[in-house]
Structures are given as structure tokens and as C-alpha cells.
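Could you build the full structure based on these sequences and the hints that come with them?
Chains E and S supply the protein sequences, listed in that same order.
Per the numbering used here, the first sequence runs over residues 1 to 551.
Per the numbering used here, the second sequence runs over residues 1 to 171.
Rather than coming from a laboratory, the hints here were simulated on the basis of the structure.
Heads up, a few of these hints could be off.
[As the list claims (entries may be wrong)] Below, computed lysine-lysine pairings styled on DSSO-like, alpha-carbon distance capped at 27 Å:
| id | chain 1 | residue 1 | chain 2 | residue 2 |
| --- | --- | --- | --- | --- |
| 1 | S | Lys5 | S | Lys127 |
| 2 | E | Lys24 | S | Lys127 |
| 3 | E | Lys97 | S | Lys5 |
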Amino acid sequence: MYAYDELDRTLINERVEEFRDQVKRRLSGELTEDEFKMLRLQNGVYLQLHAYMFRIAIPYGTLSSKQLRRLAHVARRYDRGYGHFTTRQNIQFNWIKLAELPDALADLAEVGIHSMQTSGNNTRNVTSDQWAGVAPGEIEDPRIWSELLRQFTTLHPEFSFLPRKFKFAITASAHDRAAIKIHDIGLRLHRNSQGETGFEVLVGGGLGRTPFIGKTIKPFVHGRDLLSYVEAILRVYNQYGRRDNIYKARIKILVHELGVDKFAAEVEDEWRAMGDRALTLDDSVIEEIRSRFTYPRYEKLPHMPDELKQAARDPLFERWRRNSVFTHKVQGYAIVTVSLKPVGGPPGDATADQMDAIADLADRYSFGEIRVGHEQNLALPHVARRDLPALWKALDKIGLATPNVNLVSDIIACPGLDYCSLANARSIPIAQELTRRFANHDTAELIGRLHINISGCINACGHHHVGHIGILGVEKNGEEFYQITIGGRADENAELGALIGPAVRYGDVADVVEDIVEAYLALRERPDELFVDTVKRLGVEPFRERVYATR
Amino acid sequence: MQLVKNGKIATDIFVHVPDGAELPGDGAVLVTATRLLEDAEALSTRSGEVGVIWPNNRDVDDLVPFLDRLAVVALVFPTFRDGRAYSQARLLRERHGYDGELRATGQVLRDQFVFMLRAGFDAFQVKKQADAEAFAVTANRYSVFYQPTGDGRVTALNRRMQQRHSESAGQ
Chain E
1 MYAYDELDRT LINERVEEFR DQVKRRLSGE LTEDEFKMLR LQNGVYLQLH
51 AYMFRIAIPY GTLSSKQLRR LAHVARRYDR GYGHFTTRQN IQFNWIKLAE
101 LPDALADLAE VGIHSMQTSG NNTRNVTSDQ WAGVAPGEIE DPRIWSELLR
151 QFTTLHPEFS FLPRKFKFAI TASAHDRAAI KIHDIGLRLH RNSQGETGFE
201 VLVGGGLGRT PFIGKTIKPF VHGRDLLSYV EAILRVYNQY GRRDNIYKAR
251 IKILVHELGV DKFAAEVEDE WRAMGDRALT LDDSVIEEIR SRFTYPRYEK
301 LPHMPDELKQ AARDPLFERW RRNSVFTHKV QGYAIVTVSL KPVGGPPGDA
351 TADQMDAIAD LADRYSFGEI RVGHEQNLAL PHVARRDLPA LWKALDKIGL
401 ATPNVNLVSD IIACPGLDYC SLANARSIPI AQELTRRFAN HDTAELIGRL
451 HINISGCINA CGHHHVGHIG ILGVEKNGEE FYQITIGGRA DENAELGALI
501 GPAVRYGDVA DVVEDIVEAY LALRERPDEL FVDTVKRLGV EPFRERVYAT
551 R
Chain S
1 MQLVKNGKIA TDIFVHVPDG AELPGDGAVL VTATRLLEDA EALSTRSGEV
51 GVIWPNNRDV DDLVPFLDRL AVVALVFPTF RDGRAYSQAR LLRERHGYDG
101 ELRATGQVLR DQFVFMLRAG FDAFQVKKQA DAEAFAVTAN RYSVFYQPTG
151 DGRVTALNRR MQQRHSESAG Q
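Given below as C-alpha cells:
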């Protein structure tokens, strides 16, 4: 965990007071709605279909139990008793009252969380691998660098009014769990031949109306130069990014229009011109940040404790363990993913009671730490393997032991037309119906790893382009239709899915998805050939034929 | 519109001379970039001070040769959402060493003051009177800064390092 110091605390308190003044000026009419809009967006406040929506950052997906309890408190005190975890390590509350927002922010500030820059045309929450610091084989903990970037991007005096929103993601593992290739800046931590730590820098990834996979503009930027290099990128973008058309304003369009080589050269020129580099990080500064991350004192524990051997006789436990428990870098410990995808439930939602219960379980079994992943699930990152059976029972009691992590019913979905003023179609009921169709866990396990992503509009908050099966809601003559793509993926081999055929009606989506899955089961070479690999091998055509033959 | 300069409400002595209008013989004038680039000579033979309104979509490199004869560079925020002039300001101050008046014009509201000060602005053509009057309070709203800029404010990282040094010196 990163521990805020007095300076971090002072800054967020100052921000809360500023926002309190802004809300007061809006309520008194001193600020027009147009003026206020930008200010509230800078604080994560959207006006949605029914009410204001409030988005809170969970930087690099790390939460303490105390912070999670405070989120539960906000859900209870200011909202309707639940929150929604998003695909960018944020949590959203959907029923907040404007006049109460400053108090909610003040409550959160007490435990070191805030909503700064969770919306608006600025640098957003810096996201990272939810297994940072515990994943086996990681180069080093990417959260040190994420925190340096968090501080650098918070209230940046030059880059708080960019052409459009701007998102960073960092990974330090060979397997990318942070989806860095679909971010404005993706950073892959690695070591050069001298053993020094640095970053491959990718720019211009992003989904939305015009999806792109990020391109590498520099294979190695030394860690000490990370901030200055990022400043050079942002300066080029701030000056030359398009501002005439909101749909062409993201950095991906600038990179595309200039060409990646020309863009890289512009950045390089700017970076060299920066000269003295007040931003260069010397080792002591990096160490300073590193020293404020605390790590658990792990015990020496066996890999296969008796508790686990015994529990292995229970097939229900085993099923959960197979899907939810992952290898930890320390022997005797495990990473446990807590599925927020119950059958029939909205993906990523948690009630205040569940949040409190997870916080208690984290205290008991995970050194008080919780992680939030872009798949809209939570994780307990340091669970002793001997505690797994007890944890499973406790999770099951609060409805959080659905054994579907990474399976077909572990669906990523945006809030869609049920909440969002931008949406063209509903997402949540589609997800709910699909989880019911695939409610049989034996079937789900037979199908294997399969990611379904649903977005209710072209803005792609549900990352449909990179779902193994992607579902995009569109509107045709006042009716909800859904375009379906297959073969997308968001990991180190990121790819955009290909359209399988004409858009289908709301009522047909679940049938079509079932047909796609059946086609896969018939077409796969072996049981362990994943859906996405079968699509890669065969292309879209055999799927199209089977799915549309009778339609 | 109210000018705030060096933290205080001030009278604007610069007369804005649009393109095509005749240049007054003396007195301080603010001219457009076009006039500055085309009439550099006429401007330099006048007795009064000259300032320029530099658009936010024009490279400040073109302005650099004139900097030592300008009393004011006014940068433009067509709307407060358009942040290009923050980059221009930092480049003028930090890369090109401009030390004359750097004025923010356009849609300038109190909520931008801290950003603008940090980027190097020292004069503000403020849209609303109430915002101009609130300048001192608003400008001092923050005491912690994460990024180094040319304004010289000590960053949080540096303050932490100083604290560490003084702690270890005391041991």
C-alpha cells in the first residue's frame, strides 16, 4: 500500500475546499451550467439520465480495507447502497446529490481517496496490473511508477485542459493484465541489456468510435526520464491535438494523422529541447516513493497445507479454486479474484454490505488489502493458501463466490442505457441474460476462457472491440440493435475484433452468442484451444456461416 | 473585463489596436500577431510600449525574435476548455527566457488562476469582476504542488527530500 503523507493529504483537502466553493457558486447561479460542467467533470461528476454520477479513482487498483469501508459508507450515506466498479479501476455512484458531493469528497479525503480527474479532458486515473507486487515473474512493482505518474498528472498546470481525455496504463509483467495497448499511453516496464529499469512507450491506443492498438514510439525510456518523456508527449498533444471535432481529438487520431514515425520524432525533438530536465528522477526520489509502499510480512508456509488437501475433496470448493485462485510470488500464498459477476446480476456492482464484508475478509485473510481489476472484479492479493477454504465459505455467504472468473459469464459491461445519458442501448440486461444462459458452471468450464464485453454505445466503455466476443449497442430508427464482433483481445497480443455479420435485435443477442459458442465448441481443434485462438486460426467466416445460416 | 496584474486589480494602459486601424503615434499598444510580423519596423520606431496578442494555434517560435522588444505577450484562451496557451506560456518563460508581462486573455475564470500562475502568467484579463476580486484568495488556494514548472514553487517531491535530509542531519 502507498501511504499518503501530509503533503498528499493537504492537496486533496485543498481540492475538496475548491470544489465546495465551485458547487456553492453553481447553486447560487454565479457559475453558469456550461462553466460548472467543466469544473464538475474535473472532479468526476457527470450528469446522467436520472441523477449526478460520481466517479472515484482507485489509483492502480489498490485499496486498503479502511478505504473500501469508506466507499461502503459513501454508498450508504450519499447513494442507494451500492457502487459500480468500472473498467478503469474506478468506482461509480449513480444517485448522488450535487449539494452533498463536497461532503462525500471530504469523507473520502480522510482516507486518501479522491475523484480528481476521473472525467474531463485531462489525464485520468493511472491504471496498472491489479496483481502488481504479487505476480510471479514481475520485473518490479509497477505501482511505484504509477504513483510517480499519479502525482505528476494530478492538477498539472499545463495539461489540465487537453483536447480530450488521456489515459495511462502500466504493466511490469509479460502477461499484460492492464490492457496497455488500448491506452493513450501504455507503459511496459522492462530491463535493458545493462539491467536498468525503463519503459517501452506505446502511444495512441484507444477504443471508442475509431479504435486503434497503441504503437511503440520508443522501445526504452530510462526510468529516471519517465516523467520528462511523458511531459514531451503531452506537450506535443496539447499543442497539436485536434480541437475542432470531439471525435478526432484523442491522441490516437494525431498519431494516425501524423504517422507514428513523425509523431515519435516530434516527441523526441520536444524532449531534447527540454534540456535541463527538472523532471529527471534521481534514485533518491524514486526510493522516497518506494519507501512509502508497505508490503506484508509473509510467513513461511507450505504450498500444500492440510486445510487445502482436505477441502480438495469438495467439488464445489475445487471448482471455485480452479477459477478464482492464482499463483502468488510467495510460496504458501495465493491471489484470489472475487467475482462481481453473479448469475443474473449487473457486472461490477457491489453493495455497501458486500464492500464492508470484503473489507473484513481482507483484514482477516489479505493483510488488509484489496485490488480492483479492469475486468470489474476485485482481488484479495495476499491470501495464505491454508485460509482458502475458510475464505471461500465466507465469500459464498455474501454471494461473492461465483466460480466464473475468466469464463463466459465473467462479462465486462458498461452501465448502458439504464443509467448513461450517452448510451444508445442497454448493456446490463444483455449481460444479465447471458449469465443466465451460461449459468451452468460445468458448461462454462467446458467452454473455457472466454471474455464477453458489452458497450451500450460507440464510446466503448465496455471495451467491446477487445472482447473475445464484443457486443455494441446501437440505435436504428428508435430501436436497440447490437453489432457483434469476435476475436478481439486486450492483453499483450491485443487485437480488435471483427464484425461477424449484420446487427441483431435486443431479443436475439443471447441466442446469437449461444450460437457463436456452439460453433466454437464444434470448430475447436482440442478442448484447450481457447475461443479466441480458434477465431484466430479460422477467421470469422465459419462462425458467420453457422450463426447466420438460419437467420 | 478586469485586469489583474501582479496579484492586484490594475488599470490596463494598453490600447488594443485591431488590424487595419491606424497605429497611434505614442502610448502603449497591443497589436495582433499579423501586425507584429508585418509592421515590425513601424512598431519599433514608435515611442510607446508594444505588446502582442498571440493566437494559441501559432507556434511561439515565430514570436521569439521579437521578445526583447515586447512589453506584453497576451495569450488567448478562446474558451477555458482550450488549454494550448498553457504550453505556450511555459515555453516562453522556461525555454525562451521571456520575462516581460505574460497576460492571459479570453475566457479567464478564477478556477484557472493557479494553473496560469504556475505556467508563468502574471497578468490576467479576467472575465468576471467577482473573479478578479477573488484573485488573492483563489491564487493561494493550494499550498502543495506536484510538478516542477518555471514558477519556482517547490514541488512535493523536493519538499520530501528536504525533510529527509533535515531528519537525517538531526540524527
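Hints versus structure:
Proposed proximity of lysine 5 of chain S and lysine 127 of chain S is supported: the alpha carbons are some 14 Å apart, at most 27 Å. Simply put, lysine 24 of chain E and lysine 127 of chain S have alpha-carbon atoms about 19 Å apart, close enough for the 27 Å limit, and the pair holds. A distance of roughly 38 Å separates the Cα atoms of lysine 97 of chain E and lysine 5 of chain S; the hinted pair therefore is violated under the 27 Å criterion.
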